[in-house]
Amino acid sequence: MSETLNHQEQPVLGRERSSLQHYLRRSRRFLLIGLPLAFLVIWTSVPILWAFMASLKEPLEIYESNTFFPRSPSLEAYQTVLAIDGFGKWIFNSVLVTVVATIVPLILSILAAYGFARYFFRFRHILLLLYLVPRIIPRVSLIVPLNDLMSNLGLINTYWVLYITYIASAVPLSTWILVGFFKSVPKEIEESATIDGANMWNRLRYVILPIAWPGVVTAAVLCIREGWNEFAFVLALVTETGMRTLPYALYTLRDSMGVQNFAVYNAFTILTVLPLLIVYLLLERRVVESIVTGAVK
Amino acid sequence: MNNSYVEFRELQKSFGSTSVLHGINLQIEEGSFVVLVGPSGCGKSTLLRMTAGLEPINSGQISIADRVVNRVPPKDRGIAMVFQSYALYPHMSVADNLSFSLKMNKSPLDRIAEAVKGAASILQLSTLLQRLPGQLSGGQRQRVAMGRALVREPAVFLFDEPLSNLDAKLRVEMRAEIKALHQRLSATTIYVTHDQIEAMTMADKVVVMNDGRIEQVGAPLEIYDRPENLFVAEFLGSPSMNLLPGKVVFGDGTAAVELENGVLLPLPNKGDLQSDQKIIYGIRPEHIALADDENGLAITLTLVEPAGWETHLHADLAGVTLRFLSVDRVNARPGDPAHLAIDTRQLHLFDPETGRRI
Amino acid sequence: MASSTEADDGRLTARDWFADRATHAVPYLLVIPGLIFVIGVLGYAVIGGFVLSVNETDMFLNKSFVGLRNYITVFNDPRFQASLIRTIVFVICSITLGIVMSMIFALTLYHVGFGRRFFRGISLVPYFVSGIATAVMFRFVFTTSGGFANFVLYKFGLPTPSWLGNPYLAFMVAVFANCWHMVPFSTLILLGGLQTVDRDIYDAATIDGASGTQTFFKITLPMIKPMLGVSLIWVSYISFSTFDIILAMTSGGPQRATEVVSMYMYQLAYLQLDFGQGAVLMVVLLSINTLLSLFYIYFFVLSDMRDAKEAKT
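Residue numbers (numbering that gives the first Met the number 0), protein chains in the order written: chain A, 0 to 296; chain B, 0 to 357; chain C, 0 to 312.
Among the hints, erroneous ones may be present.
What the hints assert, rightly or not - Straight-line C-alpha distance at most 27 angstroms; calculated DSSO-like pairs for lysine-lysine:
{"no.": "1", "chain 1": "B", "residue 1": "LYS168", "chain 2": "B", "residue 2": "LYS204"}
{"no.": "2", "chain 1": "B", "residue 1": "LYS116", "chain 2": "B", "residue 2": "LYS204"}
{"no.": "3", "chain 1": "A", "residue 1": "LYS182", "chain 2": "B", "residue 2": "LYS102"}
{"no.": "4", "chain 1": "B", "residue 1": "LYS204", "chain 2": "B", "residue 2": "LYS246"}
{"no.": "5", "chain 1": "A", "residue 1": "LYS182", "chain 2": "C", "residue 2": "LYS224"}
{"no.": "6", "chain 1": "A", "residue 1": "LYS88", "chain 2": "B", "residue 2": "LYS116"}
{"no.": "7", "chain 1": "B", "residue 1": "LYS116", "chain 2": "B", "residue 2": "LYS102"}
{"no.": "8", "chain 1": "B", "residue 1": "LYS204", "chain 2": "A", "residue 2": "LYS186"}
It should be emphasised that the hints constitute simulated quantities derived from the structure, not laboratory data. Given the structure is predicted, the values throughout are model-derived calculations rather than measurements.
Take these sequences, add in the hints, and give me the full structure.
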């Protein structure tokens with residue numbers, strides 16, 4: 000077990016060291032990676048898990064908080080939530096708005112992204128800039144003028160106001176993602192399709208979209224996310240309870256929930272989070288890949 | 000002019016302010032295999048793409064089968080193209096790849112099936128019809144690309160450096176296959192490559208291009224034996240021709256070319272040459288040989304590269320490097336002195352500006 | 000492209016001329032619809048905001064031009080000044096904590112040997128939780144009695160403070176919640192940057208004798224500079240715009256400890272119904288973001304381009 004290797008010549012993997020050093024190195028490496036990894040997992044999951052646990056506990060238990068896991072888990076809280084008057088309406092609203100705010104932006108941005116990716120036209124750069132610059136604008140800051148504008152148009156409290164604002168917010172991001180993906184489709188494949196007689200719609204349908212579909216999926220997921228989680232616009236532009244979406248409903252619960260209702264509160268939270276999480280987890284791979292490869296910025 | 004199947008007339012092309020093609024004129028007979036060859040950037044691919052309809056024409060005309068096709072969309076020109084990267088649809092099976100163009104033209108299904116089957120059997124793809132391009136080898140993908148062109152039954156086949164992505168051995172195989180296909184179908188073919196060996200072995204007619212212009216057109220051996228200018232002389236042939244600048248000198252009844260370093264190279268007959276005329280002496284490596292006797296040129300060997308069937312040698316002739324070949328094994332080593340003999344029947348003389356003499 | 004029945008000698012016909020115009024128009028047709036939405040709505044809103052900021056609006060939405068009076072009022076307002084400072088501190092804390100955490104997480108995810116997909120997938124989860132839900136969850140983690148934080152602290156016999164009742168602690172919790180929300184995305188971007196570095200470079204560094212830390216600071220960091228830039232930009236934007244989380248968690252309290260500019264803007268515009276001043280705050284937020292972008296662009300993009308140009312000569 001003596002040190003036979005010159006320090007200057009340690010290979011990266013430490014293959015040739017003595018076994019003790021090897022073991023030490025491996026455990027050091029394990030800690031170096033394992034600790035932050037554990038922290039990552041804990042940090043990410045605690046808030047959600049805690050809320051989930053709370054939703055299963057009895058109210059008093061939550062208050063006393065001397066346990067992590069519920070002593071006698073019950074789904075009572077969820078039943079209460081589902082029975083809340085208007086809950087169904089809120090879910091319906093959220094779903095409706097999200098669906099519209101995903102499909103329409105996707106269509107618009109597929110067209111626009113194709114235009115930017117494949118055509119070289121005079122004002123290309125300026126127009127592209129116009130698409131991307133709005134991403135700088137914090138949505139929150141717009142609630143003041145939007146309220147004014149929408150009031151004048153008489154659109155407050157309609158689905159339309161949400162459709163319009165959500166679509167306008169989603170299109171820049173979606174276009175940006177898709178332009179990257181469309182550009183990565185080799186030009187020659189499209190040229191071959193042109194020679195074969197495909198017009199623009201054919202090319203989109205048979206060539207570009209099938210090849211670039213991970214990009215479409217990513218853009219879709221992000222649109223869904225923005226539609227589902229959006230709060231500020233609903234706060235500012237929708238005043239009728241029946242028209243609210245889930246995030247806002249969750250917000251209003253804040254003051255009406257006393258200690259005895261904590262479980263219900265948490266259950267509500269979990270329920271608002273769950274659908275989007277499910278969508279994400281189904282498509283997780285594509286989304287993560289896209290972000291990591293820098294397509295989403 | 001009327002028996003030309005494809006004709007280029009005064010074609011010009013610019014990208015923005017850069018002019019890429021300067022007045023191309025060419026006639027291509029029906030059924031011939033024409034190779035456009037030249038260094039990167041000479042415009043050959045651009046010319047091909049203009050023929051396909053993928054690049055707009057700035058001025059001039061392209062005709063296919065007596066019809067001016069300048070403004071005709073690619074699908075109506077009667078062409079089919081094989082790309083360098085094959086450009087197969089990666090998400091479609093081989094069968095779908097082959098049938099795509101027919102589908103776009105709304106051909107009846109049975110016609111499509113027939114055409115696909117036909118192309119597949121010619122190219123030995125019948126067992127691969129359900130595979131995806133990602134599951135195919137390079138050579139197989141090549142063949143699918145060709146099959147796609149076949150299915151269109153075009154008047155003109157266009158190939159854009161199709162063999163560049165293959166390894167050497169596969170390249171030789173595919174060369175033969177493409178040529179065999181051409182012979183079988185007798186289809187007019189325009190083939191672009193930067194590899195002069197492909198050009199020489201496959202072409203009925205070779206078009207040497209450089210910097211947006213056609214340097215010379217002719218049958219392969221014709222061009223090889225009588226290059227019209229320096230560029231063509233140097234471009235064809237590997238290793239390339241030795242080109243030595245010098246001037247003509249007359250001795251007592253004989254003529255010679257004196258190189259800058261004073262060495263005299265033999266000149267068989269003086270023709271119309273003048274004394275002191277500046278000239279470039281061109282001789283191909285295969286026309287220089289090691290001489291046994293002392294009558295040859297005295298040189299020192301500088302590099303000996305045995306390549307199996309022949310040996311490439313570099314020799315130093317008082318400061319000028321000569322390349323030559325030997326079919327016999329050479330036992331000499333760098334630094335050895337030797338003597339060379341030049342076959343003066345294969346001499347090429349060039350004016351240092353362009354043309355050729357003799 | 001025209002049909003194939005043009006004049007035989009190839010001269011342009013009128014039909015060709017129209018076809019040319021049509022071809023040129025195609026990209027515009029593709030691009031304009033989306034642009035209408037984007038500029039129409041967002042652009043209009045921005046301009047509307049500017050207009051509002053120089054007007055005084057009453058309950059019936061009648062406007063009267065008051066020039067810069069709103070601006071003067073706002074900038075002299077100590078509450079605004081305090082909120083601005085708080086926002087800046089909040090952003091700085093968020094950026095610092097956020098970037099450090101994302102860097103560590105990115106490195107970890109990069110080196111992890113097994114279960115890569117799982118860990119990456121799980122790390123992005125917070126990104127998909129709405130701001131409100133995040134706030135609620137964090138409230139429950141940090142409530143004085145009943146929260147996870149105190150639960151753990153109690154087990155270790157440590158003091159269990161009132162997180163959300165103490166101004167400083169509440170501020171910290173807000174920063175945490177914000178980071179929780181932002182870090183995943185930033186982590187993945189940095190991870191992407193790490194993956195673009197050629198592994199051979201690390202081998203070369205080892206041969207040259209660089210230690211782990213040296214490698215990181217002298218080689219890794221410079222090479223992922225563009226990604227760092229993107230992360231920084233993104234994290235700053237999000238932090239300046241934080242609204243949902245704070246509103247739902249502390250509403251700006253306790254004692255305005257977490258009242259950042261966006262909160263104050265909400266207060267002014269919706270609770271005090273002073274759209275004029277609210278709009279001024281909107282302008283402030285926008286300006287900060289714009290300045291930041293320009294700064295970042297200059298710093299990261301232009302300097303990269305300058306380096307590249309110098310390297311060429």
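Now for the hints, and whether the structure bears them out:
| no. | hint | result |
| --- | --- | --- |
| 1 | LYS168(B) / LYS204(B) | holds (25 angstroms) |
| 2 | LYS116(B) / LYS204(B) | violated (32 angstroms) |
| 3 | LYS182(A) / LYS102(B) | holds (25 angstroms) |
| 4 | LYS204(B) / LYS246(B) | violated (34 angstroms) |
| 5 | LYS182(A) / LYS224(C) | holds (24 angstroms) |
| 6 | LYS88(A) / LYS116(B) | violated (58 angstroms) |
| 7 | LYS116(B) / LYS102(B) | holds (15 angstroms) |
| 8 | LYS204(B) / LYS186(A) | violated (30 angstroms) |
In this structure, the earlier hints numbered 2, 4, 6, 8 are contradicted, and the remaining ones agree with it.
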